[in-house]
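Colleague: Whole structure, please, built from the sequences with the hints as guidance.
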Amino acid sequence: MKRSTICLVVAALALIVAPLLVWAAKVGEPAPDFTGTSSTGKTIHLADYRGKFVVLEWHNNGCPYVKKHYNSGNMQKLQKEWTAKGVVWLTIISSAPGKQGYVTAAEQNDYMAKMDATPTAALLDPTGVIGHLYDAKTSPQMVVIDPKGVVIYDGAIDDRPTANPADIEGATNYLNLALEQAMAGTPVATPTTRPYGCSVKYPDSTH
Amino acid sequence: MMKMPGQILRQMKRPTPNLHIFAVLAAGISLCVCAGGAQAAGVPIPHGTVELVAENQWIAPGQESTLGLHFQLEKGWHIYWVNPGDSGEPPRVTWQLPAGLTAGALQWPAPQRMQTSATIVDFGYHDSVLLLVPLRASAALPGRQPVKIGAEVRVLVCREMCIPGKAQVTLTLPVQTNPPAPNPAMQKLFADARKSLPGPAPTGWKFSVEEGKDTFLLRVDTHEQVTQAFFFPLEESQIDNAAPQKLDVMATGGAKGFRLSLRKSEQLVKRLTRLKGVLALPAGPSYLVDVPITPGAGK
Chain A
1 MKRSTICLVV
11 AALALIVAPL
21 LVWAAKVGEP
31 APDFTGTSST
41 GKTIHLADYR
51 GKFVVLEWHN
61 NGCPYVKKHY
71 NSGNMQKLQK
81 EWTAKGVVWL
91 TIISSAPGKQ
101 GYVTAAEQND
111 YMAKMDATPT
121 AALLDPTGVI
131 GHLYDAKTSP
141 QMVVIDPKGV
151 VIYDGAIDDR
161 PTANPADIEG
171 ATNYLNLALE
181 QAMAGTPVAT
191 PTTRPYGCSV
201 KYPDSTH
Chain B
1 MMKMPGQILR
11 QMKRPTPNLH
21 IFAVLAAGIS
31 LCVCAGGAQA
41 AGVPIPHGTV
51 ELVAENQWIA
61 PGQESTLGLH
71 FQLEKGWHIY
81 WVNPGDSGEP
91 PRVTWQLPAG
101 LTAGALQWPA
111 PQRMQTSATI
121 VDFGYHDSVL
131 LLVPLRASAA
141 LPGRQPVKIG
151 AEVRVLVCRE
161 MCIPGKAQVT
171 LTLPVQTNPP
181 APNPAMQKLF
191 ADARKSLPGP
201 APTGWKFSVE
211 EGKDTFLLRV
221 DTHEQVTQAF
231 FFPLEESQID
241 NAAPQKLDVM
251 ATGGAKGFRL
261 SLRKSEQLVK
271 RLTRLKGVLA
281 LPAGPSYLVD
291 VPITPGAGK
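These protein sequence lines map, in sequence, to chains A and B.
Per the numbering used here, the very first residue in the first sequence carries number 1; after that it's consecutive.
Per the numbering used here, the very first residue in the second sequence carries number 1; after that it's consecutive.
Keep in mind that a hint or two might mislead.
What the hints assert, rightly or not - With a Cα cut of at most 25 Å, we get these calculated BS3-like pairs of lysine-lysine:
1. K166(B) with K26(A)
2. K148(A) with K42(A)
3. K67(A) with K213(B)
4. K99(A) with K114(A)
5. K213(B) with K99(A)
6. K256(B) with K26(A)
Hint data in this document are derived by calculation from the structure and do not stem from the laboratory.
Modeller: This is the structure we're talking about:
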């Protein structure tokens, strides 16, 4: 593809995507509704979970920052703890076909079995529609939605933005804090942080 | 050193890989035959090397000098600036210094803007970069033995995927009381790096920032004609990295210069009192910006 064509494609995509950002999720505002297909073939509507806390976890199994939390068992531990308390946990894979993290339903199910990952569901989002709806920038990136359907947290999983699993212990876990504080009826002290990790591999991703 | 998306893509497709390999080899050979001080070769990192180098041939007690961390990357791979942008992570350095030596904060050449995708913008470096390190030697630096300086460098190297790396670099330098002589083999490397460091704005330039509801308006009063510029925020979570920065030339009411509209980050929750960053012009120069923010009249 010629350079000028690439420039035009990127510009066109930016023009297509930019208006989407007008409706993109913002902390303190209603969580944009979406419909997705899970790795078990189920149709998932976010609106069906009104009345529960919902966690959205952006995922790319090749990203070193995701591996930090999965190879250590940290993410799986959080999934188990919070789903046991009635939280709906949706792992979302917004990698486009051919890009890092893209998985078929079967591959995602194999991965979850192998890693003992037990989200409520894993959503395959290869066109990046759900990713763009939430302006997901990195994997991992965590979004918490309260039972009224309002985004109460959006950002990093914790305050140690490295790929080193040794940094998990002792880190301030923003996901835990948001859920604990909201469940106690208190305001979320840190409602947003810069998420850390690898860029979400949207169809137009070049890096 | 602002790069528009087309330029970034062109850089990724840079031709003549053989020239690149030759340049790396030539640099490596010239480093080995440098005068004074034992210098280890570049240590491997994912898709590149990192080396600890010194501008001068020896260290003098009581003097300041400059070291450098020289990253050299395979074609298409990049590392990140101190503020990496929407994704990625900057290199992190843990120094191992003998008594009598202290290292100051890293000095970062102006970064490139990388349009990772339509909604994701990062800041970093392709090909190679020298991060400068101010080094101070105490007047009481013990003895006349050579000093061994070490560093553990953690760095994320990315192309379409990211690979974290860790490298141990060392550099042994003699200690002499006479004023240090520059290392001829290092002169160009350090001179080029200094040229690409953001500097103070030219005399007569005036910066001010007005805060609006969703934006910071950076106003630059200058008689120089500027029609393109990009502002790299020094800290995360202040400016929306992917939002276009609209530049308006000021030409009315005696004002001369330009205004750059910077969209606030969604992650900016607290009141910001100062705007700090690097203003880069396409022709090359980049300027340090550190300006108080005044609330806008219309807020």
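Colleague: Now look at each hint and say whether the structure bears it out.
Modeller: Here is what the structure says about each hint:
no., hint, verdict
1, K166(B) with K26(A), "violated, 36 Å"
2, K148(A) with K42(A), "holds, 24 Å"
3, K67(A) with K213(B), "violated, 39 Å"
4, K99(A) with K114(A), "holds, 22 Å"
5, K213(B) with K99(A), "violated, 37 Å"
6, K256(B) with K26(A), "violated, 37 Å"
Checked against the numbered hints above, the structure violates hints 1, 3, 5 and 6; every other hint is satisfied.
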